[in-house]
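Novice: Listed here are the chains, written in short residue letters.
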Amino acid sequence: MSESLSSASEKSGLPPGSLVHVGEVHKHEHKITVIDYNKSTLTRRTIKNIEELPPYQTTDTVTWVIIDGLKDVSIIDAIGQHFDIHALVLEDILNTHQRPKFEEFDDYLYIVIKAISLAADEFNIEYEQVSLLLLDKFVFTFKEKPDALFDPIFSRLNNDKSHLRNLGADYLTYIIMDTIVDEYFSLQDTFDELIESVEDELLNNPSAQTLNTIQKIKRELIFLRRSVSPLRELLAAVQRSESPLLNEKTKRYFRDIYDHVIRVSEAMESYRDLIAGMLDIYLSSVSNKMNETMKILTVFASIFIPLTFIAGVYGMNFAYMPELQWKWGYPALWGVFIGVSVFLLRFFKKKKWI
Amino acid sequence: MSESLSSASEKSGLPPGSLVHVGEVHKHEHKITVIDYNKSTLTRRTIKNIEELPPYQTTDTVTWVIIDGLKDVSIIDAIGQHFDIHALVLEDILNTHQRPKFEEFDDYLYIVIKAISLAADEFNIEYEQVSLLLLDKFVFTFKEKPDALFDPIFSRLNNDKSHLRNLGADYLTYIIMDTIVDEYFSLQDTFDELIESVEDELLNNPSAQTLNTIQKIKRELIFLRRSVSPLRELLAAVQRSESPLLNEKTKRYFRDIYDHVIRVSEAMESYRDLIAGMLDIYLSSVSNKMNETMKILTVFASIFIPLTFIAGVYGMNFAYMPELQWKWGYPALWGVFIGVSVFLLRFFKKKKWI
Amino acid sequence: MSESLSSASEKSGLPPGSLVHVGEVHKHEHKITVIDYNKSTLTRRTIKNIEELPPYQTTDTVTWVIIDGLKDVSIIDAIGQHFDIHALVLEDILNTHQRPKFEEFDDYLYIVIKAISLAADEFNIEYEQVSLLLLDKFVFTFKEKPDALFDPIFSRLNNDKSHLRNLGADYLTYIIMDTIVDEYFSLQDTFDELIESVEDELLNNPSAQTLNTIQKIKRELIFLRRSVSPLRELLAAVQRSESPLLNEKTKRYFRDIYDHVIRVSEAMESYRDLIAGMLDIYLSSVSNKMNETMKILTVFASIFIPLTFIAGVYGMNFAYMPELQWKWGYPALWGVFIGVSVFLLRFFKKKKWI
Amino acid sequence: MSESLSSASEKSGLPPGSLVHVGEVHKHEHKITVIDYNKSTLTRRTIKNIEELPPYQTTDTVTWVIIDGLKDVSIIDAIGQHFDIHALVLEDILNTHQRPKFEEFDDYLYIVIKAISLAADEFNIEYEQVSLLLLDKFVFTFKEKPDALFDPIFSRLNNDKSHLRNLGADYLTYIIMDTIVDEYFSLQDTFDELIESVEDELLNNPSAQTLNTIQKIKRELIFLRRSVSPLRELLAAVQRSESPLLNEKTKRYFRDIYDHVIRVSEAMESYRDLIAGMLDIYLSSVSNKMNETMKILTVFASIFIPLTFIAGVYGMNFAYMPELQWKWGYPALWGVFIGVSVFLLRFFKKKKWI
Amino acid sequence: MSESLSSASEKSGLPPGSLVHVGEVHKHEHKITVIDYNKSTLTRRTIKNIEELPPYQTTDTVTWVIIDGLKDVSIIDAIGQHFDIHALVLEDILNTHQRPKFEEFDDYLYIVIKAISLAADEFNIEYEQVSLLLLDKFVFTFKEKPDALFDPIFSRLNNDKSHLRNLGADYLTYIIMDTIVDEYFSLQDTFDELIESVEDELLNNPSAQTLNTIQKIKRELIFLRRSVSPLRELLAAVQRSESPLLNEKTKRYFRDIYDHVIRVSEAMESYRDLIAGMLDIYLSSVSNKMNETMKILTVFASIFIPLTFIAGVYGMNFAYMPELQWKWGYPALWGVFIGVSVFLLRFFKKKKWI
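Residue numbers (full-length UniProt numbering), protein chains in the order written: chain A, 1 to 354; chain B, 1 to 354; chain C, 1 to 354; chain D, 1 to 354; chain E, 1 to 354.
Looking at chain A on its own, in the form it has when it is part of the complex:
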């Protein structure tokens, strides 16, 4: 679990609006990529300095600025000053413990969302906070680290026949969010497999390890829900928004993401219920096993304890024990031993213990 429950405490005491990066520090250099496109042209370059951005403001193209890495506060600060972004928004971009949210300002929209990815070999969800600023003909995305998250979007942009190239910055915003939400769907496959394998384990050979896996899934679900459930509200707010930055037609697309998010969160509720059922099964399987153990002990003890008593009786040293002198005493006693055993075995068989 790379997303800690804790949060802004590292910053508590500082004045609000102070630009300090809060969150796990990724050791990457920051990297600024600028993609500028319209129907006919597409340029992509990496810039070092925020001062290289202004020329794009005068053009008619859509400009997408991707900032990977939040270590260098001065970049965020420069963007804030140049594009007149509210200090609290800049602060929120830098604090990677945000809750997904949508905020409307006169000149821009601010969206925070959590991208997820899965470590390949282990069931371990990693979270990356992505902040989006949608301005007129400009989209800024702030990510914690460089990764392949946006690669599918890049390849689509390269195709000059794609829908995306014809439409504005709000459609780009939609595509970015859609790409991130799609990752939640792939997570569902992982959950499906995991839950299926745990169910098999439960039925065949439950162990303390099974319980740990169940608890681990439960834990991941608890954290995941915190990233997913605010998305519902976020997307409803986007659709209700009357900002001129959002085209009415594009909102129809956001409604599509909204449907996806509802499906993801309903699936999560289902997992939650399934997990709860598994715990019940685990507990009763432990009880059943204990009962089985008890039965074996009871069968052994109940058969041999009376026999041992009888043997003990004839091991006594009384001077006058007539049976001891009988010629057939010893074989007869073996008959008694066998008879008692058979009787008890039948009794336990009737109880369906053996």
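Read the hints as simulated data drawn from the structure, not as lab findings. There could be a bad hint or two in this list.
The list treats identical chains as one, so a pair stands whether inside a single copy or across any two.
Calculated lysine to any residue pairs in the SDA-like style (CA-CA distance at most 25 Å, straight line) [to be verified]:
(1) K145 to I47
(2) K71 to R45
(3) K137 to S287
(4) K289 to E248
(5) K137 to A332
(6) K101 to Y330
(7) K137 to L167
Starting from the structure of chain A, add chains B, C, D and E where the hints point.
Specialist: Here is chains B, C, D and E on its own, set in the frame of chain A:
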């Protein structure tokens, strides 16, 4: 469970609006049936090509187009282009992991609903996504596979005195949805029987198998709820809708389905509560059984262990043990054995163990 | 449980509005009673045929028509045609698996409610669906079978000084519903006694039977809630209704029933919570009993096992065992036996086991 | 529990509005106290007959009429007729199983609230229904029995400098309700102490008695909640009320009670959660104890059972058992006995059992 | 837990609006600090008497009055009279069992909030009630005791370049609340660590102590929630407020606190779920341990009990027991002993017990 929890991941990375069939692929050829009717006439034919549809647009009759099988994306695409359907709707028709929903457009209404059926010999619910497009005098239904789902509607259409023949496309839409929701009612009978038989099992002879059945019912309920609960909202939206495609009088019929759906979901809540109660009974029945096992062990052990000790005492080889020489020592000891046993048996009887 | 969870499946496949009686078929002949009254006069007669009703429509009196038995569909059909009742309402009257509901039409109001009664000797709630049609100066009540449900209303009507004789058909409707809801209150007494006796049993002598009773109460509560909880909404709708058929002053009386229903459903929530608590007590009482069993076994085994070992030692046949030759060896060993026992008994006493 | 779950069943079958006292009958004579005050004067007298009230209606003073005891229905009836109170309100006053509620009429307001008190020596909450009628310059309070509930208000009234003397009948209503709600706060102290003592018991010496106390607290909480939770809604309705009988300034005071009620119900929720936690602790403490019992048995049995076997071996009477003839056989065997014991004790020590 | 569940009972019976300090009495002298600032100047002094305040009312600066200690009721009374504060507000300031709330008056706003701190060495949350009065250019804060809570604000005020110095009394109010809410974030770190250590304990060595820690965390969460959850509503009310005392721009900052509060309460919900999961693990770990104990007992008993029986047989003193005379009888029997042991060990190995 034929409805996987997972979903659109097969498609993630593709641009939105790309027409790709997402979901379990049924190996059936697609089949297009066209039923065209009004009060006096009814024609039914199977067409191969979507180009055969336009003539129906000019008539005054109601035209019902049933597409069985979603494998051939080009058909959906052709319908989309010809009838001017939004790309995201076409995408949703092809993705059979939709949540039931209702969407209003200017020229058409879009409804997704899950039809259910039950494998005869086993308790296994199968889901089939049915998409409905209601246009002016046209109804399209998209199904995953050819089956007998609409047979009752066909026979009703054949009867030229039926209500259905007199009314418009919105009433046909109602009839289709009503037919699908009625299947949920038949499911209730199955649940009733299943739960009753599990309850009998629980009282008479609970086993690990019983627990599995309980968990299976619980699991099916979790999935079923995901198909049923959005229907409530869907039907409320249909009733609120002010689309000219829906006649005011027909809405009264949709309210009837709404009542049915509420009854189904309340029944489901009841099942859920009953199932929860069963788990409690199962757990305490396991505990009770263990207690019974313990009692048998305790009775055996507690009676024979003291007797064995006494026998052991008189098996000792001390040179001076006066009792051993007593003439009546041995019979007297048998009296002690019997006395101790009787005393302990009475003790356990008083505790109501035997 | 006389109210099955299942439902309209017997009818699925039929066209909506088809008049078929759905539900348990009561083997009674149908019976139509007509009570016609105003302040000064009261007539009561049994009619055979719906054609005898029309004369009452022209009078100024309130006419109450009670139909007992739903077997004869033609009567419902005749009423429907004569009084112009919507086909779906007629269908709902015949289907006795309805959820309580209130529907407003221009010329009449339709109310469905569940009357309950209790088999005298056993805790078994029986449900009877009562449908009410309130027209201008007419009230129709449809019941599944003839019974004494309305007897208190009859005797009140016979009293020409009663309030009821002065007021209109809406007040009669109120009186009918009030009479039915009052039965829910008497049920509370039964629940009270039952729960109290189960609690006594739990404290004194819990058995598997106690658990079954608890589960039975739980089950009846689940079903009862399905009849009670929609009443809240139903009565709120009656109060909000702006139908001219409901006098403003009468609505104040419906609010009184509303208060009753809230009290009944709160009581039911309390029972639910109490029952949940009982299950916990039952489970821990089973655990406690098992612990007690274990303690007895442990005390017996732990005391006698060491003693048996010691006796075993001096039963060995070694050639050189000096103790065996000691004169006081045997009595001394008894001292050891008693000493060990006393020590262990004290140990267990300190643990508060004996 | 002095508040039965059951209710109006004693009355079911009677016409609505029939004045019959429903509830536990207190054997007290009824008593009518009239307190008449304004800033400068205060008179207090006990009257026998409702006919003595009218003179107060013409004065400018606030008149508070306290009726203790509901046995004499004629008094309620007389008040109802004289002050023109709705029949259902009179019925509600007499039925002491009401749910707290607030009803607005043109000329008066009707409030039902439950006063609570605590039997000193035992944890047993007693409920008394208090009905309030607020008319212009008149307040009626109906109580089930004479008690000291209003004593603090009397003494405040006696003080002619008190706020209360300057203000109207609505402020008196507030003071009465505030006095009753304050009792709920004192109850919290009792719950605090009780829960703390139960927690101590749970940690130190849990017994079946502890479980009963937990269940008793749970039960009282269930009943208490039924008196407290409707108060929230009641007080919100009072604040929303636009009745001229309520001064705007006084409503600010009712908001204060509203805050108190919210605090009480939140505290109750906390108790509920704490109690749920206690049950879990109790159950696991029973399990822990059983485990401890098992360990003792296992240690004893596992050590002595092998030793007894060895002793048994050398108690056999085979003709050729060389060890028996060894000089050091017997002492050597003691070595074996001790060695096995030490080994097993170490094993159990390693398992942290002893 | 320094925040008692109980409450105003110490005051019940007193007239509303009576100024009495309710709550834990801190033995500190009260202390009044006045900080007066604007962009260019800052003065800070301690005053003894409320009469020294008026001069500040005529200036244009923001005046912050901090009252530490609520023992001296006369100060609150004097402020109330001088600044015309409602009697119930003064009462609420003195009663430190308030629920966080926000109340709007024409001339001032009243906010109650709980500051928390953590005893360094133990997990013990302490609550301090902070009341805020926001007037035009005046902020009063009432605290229970002198502590370092506001030190970060003081140091920020000392910096004449800080944002705070430029803005009004509403921004100061925001800063105070933000400082308090930030403490809730630091608490999250503590919870994180605590829960992580408990989880480790659970997996490695669960004990009754672990259960107590879990219950303690649960308890603290229950209390904490009562301080946190009303904050949501409070801050929503602040944002909705149309009081001229709150600048529109400042409200944006309050929305920032609102986001923080939502994150804190979501984290708390997560803790709650995690804790619930831990209890399940604890219970099944106890069951698992018991099962392990049982297995050891069963293995020992089941192996040695049959062997002991066999030894007992050959310890019998029958006159005719041919085996006893066989030369190889004794060694052969050892073979039997070993054979039986090996067989049983294999059996238990197959069951995966050893």
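Novice: The structure should be examined with respect to each hint, and the outcome stated for every one.
Specialist: Hints versus structure:
For a Cα distance limit of 25 Å, the shortest separation of K145 from I47 inside one copy, 16 Å, qualifies, whereas the shortest one across copies, 54 Å, does not. When the C-alpha separation of K71 and R45 is checked against a cutoff of 25 Å, the pair qualifies only within one copy, where the shortest distance is 21 Å, while the shortest distance between copies is 42 Å. Proximity of K137 to S287 under the C-alpha cut-off of 25 Å is found in neither arrangement, the shortest distances being 64 Å within a copy and 63 Å between copies. Taking the shortest Cα distances, K289 and E248 never come within 25 Å of each other, neither inside one copy (62 Å) nor across copies (62 Å).
In this homomeric assembly, K137 and A332 never come within 25 Å of each other (Cα to Cα): the closest approach is 105 Å inside a single copy and 97 Å across copies. When the C-alpha separation of K101 and Y330 is checked against a cutoff of 25 Å, the pair qualifies neither within a copy, at 89 Å, nor between copies, at 84 Å. Only within a single protomer do K137 and L167 lie at most 25 Å apart by alpha-carbon distance; the minimum there is 10 Å, versus 34 Å between protomers.
Consistency note: the structure conflicts with the earlier hints numbered 3, 4, 5, 6.
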